[in-house]
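> What the sequence shown shows, in our numbering, is residues 1 to 128, in sequence order.
Careful: at least some of the hints might be erroneous.
Simulated DEER-style distance windows between Cβ atoms [what the hints assert, rightly or not]:
(1) Val-38 / Gln-67: 40 to 46 Å
(2) Lys-60 / Ser-128: 18 to 24 Å
(3) Lys-103 / Leu-126: 31 to 37 Å
It is worth saying that the hints were derived from the structure and are not from the lab.
The C-beta atom is built at its ideal place from N, Cα and C for all residues, glycine as well.
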Amino acid sequence: NRKREELLGTQFSALLSQLKCKSDQTEAALIAKHDEAVDSLSAQVESLRKKLHSGRSAAKSLKADLQEKDKEIADLTCSLKKRLTNQESASLKKEESLRADMKEIQLNFALREACLVEKEKIVVQLTS
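With these hints in hand, go ahead and build the complete structure from the sequences.
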């Protein structure tokens, strides 16, 4: 009986040692997976930061372009108003010139609208 108890004790110790080894291996594997996931998420965060910076730069550039176009539109509108006040004395040729200016203003408005659409696309990309 005594020998049997000693044998069972030895077997129990061996099983306990194996269990401890498995536990250590499992813990090491979990830590490795955790570290891998952290590295992956860190890389994703860095990538998103770069995209955000790029998007902000693009948005700033787009804003500057829009401000420039707004100024051009204001200048053209002012110019057009001055021309329209003198239209009564203008010839048919002058009238055609004014119509060309109106088309240019319409193109500038269309360009501004296209810029706004692009800006909205950037904002949507940045927020998704």
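> Checking against the hints above, which ones are violated?
Every hint satisfied by this model.
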